[in-house]
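Participant: Here's the letter readout for the chains.
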Amino acid sequence: MTGRQQAAAAAFLSVLAVLPAVADDFQLSVLALIFLFAYVGIAWNLMMGFAGQLSLGHALYFGIGAYTVAVLAGKYGITPWLGMPAAFALAAAAAALVGTLGFRFAVRGVYFALLTIAFSEFTRIAFEHWDFVGKTGGFFLRALGPDNRPLVSLRGGATFFYYALLVTMVLGWALSAALVSSRLGYYWRAVREDEDAARAIGVPAFRMKVAAAALSGGLTGIGGAWFGLLGGSLFPETVLGMRMSIDVIIAPIVGGLGSLYGPILGAFIVIPLNEFAKELAQHFNVNGLNFLIYGALLCAIVLFAPHGLWPPLARLLRLETRR
Amino acid sequence: MLELYANVVVGGLLLGAVYALIATGLNVIFGVMRMVNFAHGELVVVGMYTAYLFWKLTGLPALAALPIAAALLFVAGYAFQRLLANRFVEAGQHVQFILFIGVALMITGAHAIAFGPDPRPIQGAAGFDVYRAVFLRLDAVRTQAALFALALIAALWAWLKYTLTGKAIRAAADNLTGGRAIGIRIPHVFAIVAGLGFACAGAAGALVAPLFDTQPYLAGDFTMIAFIIVIVGGLASLPGALLGGLLIGVAEALAAALVAPSMKSLFSYALLALVILLRPQGLLGKRSALG
Chain G
1 MTGRQQAAAA AFLSVLAVLP AVADDFQLSV LALIFLFAYV GIAWNLMMGF
51 AGQLSLGHAL YFGIGAYTVA VLAGKYGITP WLGMPAAFAL AAAAAALVGT
101 LGFRFAVRGV YFALLTIAFS EFTRIAFEHW DFVGKTGGFF LRALGPDNRP
151 LVSLRGGATF FYYALLVTMV LGWALSAALV SSRLGYYWRA VREDEDAARA
201 IGVPAFRMKV AAAALSGGLT GIGGAWFGLL GGSLFPETVL GMRMSIDVII
251 APIVGGLGSL YGPILGAFIV IPLNEFAKEL AQHFNVNGLN FLIYGALLCA
301 IVLFAPHGLW PPLARLLRLE TRR
Chain X
1 MLELYANVVV GGLLLGAVYA LIATGLNVIF GVMRMVNFAH GELVVVGMYT
51 AYLFWKLTGL PALAALPIAA ALLFVAGYAF QRLLANRFVE AGQHVQFILF
101 IGVALMITGA HAIAFGPDPR PIQGAAGFDV YRAVFLRLDA VRTQAALFAL
151 ALIAALWAWL KYTLTGKAIR AAADNLTGGR AIGIRIPHVF AIVAGLGFAC
201 AGAAGALVAP LFDTQPYLAG DFTMIAFIIV IVGGLASLPG ALLGGLLIGV
251 AEALAAALVA PSMKSLFSYA LLALVILLRP QGLLGKRSAL G
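Protein chains in written order, with my numbering: chain G, 1 to 323; chain X, 1 to 291.
It is worth saying that the hints were derived from the structure and are not from the lab.
Each residue gets a CB set at the ideal place from its N, CA and C atoms; glycine is no exception.
Take the hints with a grain of salt, since some may be wrong.
[Claimed, not checked] Incomplete in silico selection of chain X near chain G, CB under 7 Å:
| no. | residue |
| --- | --- |
| 1 | A91 |
| 2 | H94 |
| 3 | L99 |
| 4 | T108 |
| 5 | I113 |
| 6 | I231 |
| 7 | L266 |
Please construct the entire structure, taking both the sequences and the accompanying hints into account.
Facilitator: This is how it looks when you write it as structure tokens:
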């Protein structure tokens, strides 16, 4: 990071750290959602932005993580502190499986993207028929009692989730920053730019792509786990559905692919816009107005800033990284 | 038993023919412009509402709305491609994805605003008619829909093969630079292709409107079915779309009869994953252009 970037990041984080002193619970819950989708956007971006592999089925990993933590806690009373690593492991394994199958058979580009959709939709339908997880009726966590200790159950009020997800987002960012400047990160970018050339100079492209998928999937699983803890209820349609896959990838695309800051900026734009659209629809009591507004905004963003909003903003604030 | 399965298979084939028309629209667009239309199912629903409104207002069979739905969506597709999507032909897949998702959400939102979330059934006069042949019982509405779908697919193939514009479209799909060099107006050709793709979806919508109760959120299912079909049959292959449509129609009908109706798409996705892994170009796919 440049000095100017460090100063900006420090200022940004200080503001976020003291914000709960002035914000109300609704604002905090929207911000927590922003942090959550910034975090999964960072995770998705590892695979797409840096390794160049388009996954349109990240709901699969999100949903696996959500169900893992919720089922372990709800059915067996296992703390999410242990559930989270399990969620990471299972989601990473699923992503590695999809990646291995896809990459081993040299499925590239749009075919790979559609393969990821196929796996996530397949899993959604399977979950909708699986008694163990409550089928379409959903899986519910017990309501919080008065003796709930947030640091044990990892569930709590708006302020708890605000800080928990802020920390998750910052950790996710730090991890992806470290990965990107590591050997792995350079291999990924080599594969992204020209896979055949990368292989010719000895980059183990297959292993690198599987590693990107597994890491991205595993981290997304942790995001899903938080989502389940936050809402307390899980439905296959919500956490494993196509709409979730879309929500995961919109923030990083709007913010800018292949940038460490893009997913965060994107989430700060996309989530409030979505909330705003929902509010408007409720206010005028018009079912569907939110889709209309949100869809129009998405079109406007790709029309006017197809490379994402971070590059122009970074130039404006003179925060761009020299390459 | 045999009778039952024969009827299930035939019912699947009939619906599969309409699926094939939907998938043909998706395939024409992908074959020429390499764009995946993620809003395709929404267009089918536009066709369904067109047919529903037509039936509601005139009392004539929904089938008669087919030319209206097709024409409406042709114009919409032409304008959409000319004014908006042509700028995205060279853009990354993820950017195109967001564009089409945006369009899809807008259409679904507009439908929900205009018609509400409730299903809109069409009670046609011929709703319970059946054609009988030996031990087969063919649902009249389904049979008509399948025949019209097949006729439209055949007409589109012939048009692409024999007319000058059709040849220009295939030339542009084969070699864009070459097409430009010999004076094909690419933006216009692309817009016509989008119009045709949209019109296929709209016509199919008019055909299925009496079979499914129209509601805004059906769109996602149609989009996914169309994807599965074009991958199974082969992206950009027109015969592939037909074969894939019939296969998926039968697979879904059998799965619904043998396992459970709500499980039917599970089989399609399994088939899809298998085809991608074993024969990624699809059953009839070639690695090249529209054929």
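Participant: Hint by hint, note whether the structure agrees.
Facilitator: Going through the hints against the structure:
Hint status for A91/X relative to chain G: holds, with the closest Cβ pair at about 6 Å, below 7 Å. Hint status for H94/X: holds, given a least beta-carbon distance of 5 Å to chain G, under 7 Å. Among the interface hints, the one on L99/X holds; its C-beta lies about 5 Å from the nearest C-beta in chain G, closer than the 7 Å criterion. At a threshold of 7 Å, the smallest CB-CB gap from T108/X to chain G is about 5 Å, leaving the interface hint in force.
At about 4 Å, the closest approach between the beta carbon of I113/X and any beta carbon in chain G falls short of 7 Å, and the interface hint on this residue holds. Annotation: interface hint on I231/X holds; nearest CB of chain G at approximately 6 Å, less than 7 Å. The interface hint given for L266/X holds, since its Cβ lies 5 Å from the closest Cβ of chain G, which is under the 7 Å cut-off.
In terms of the numbered hints stated before, the structure departs from none.
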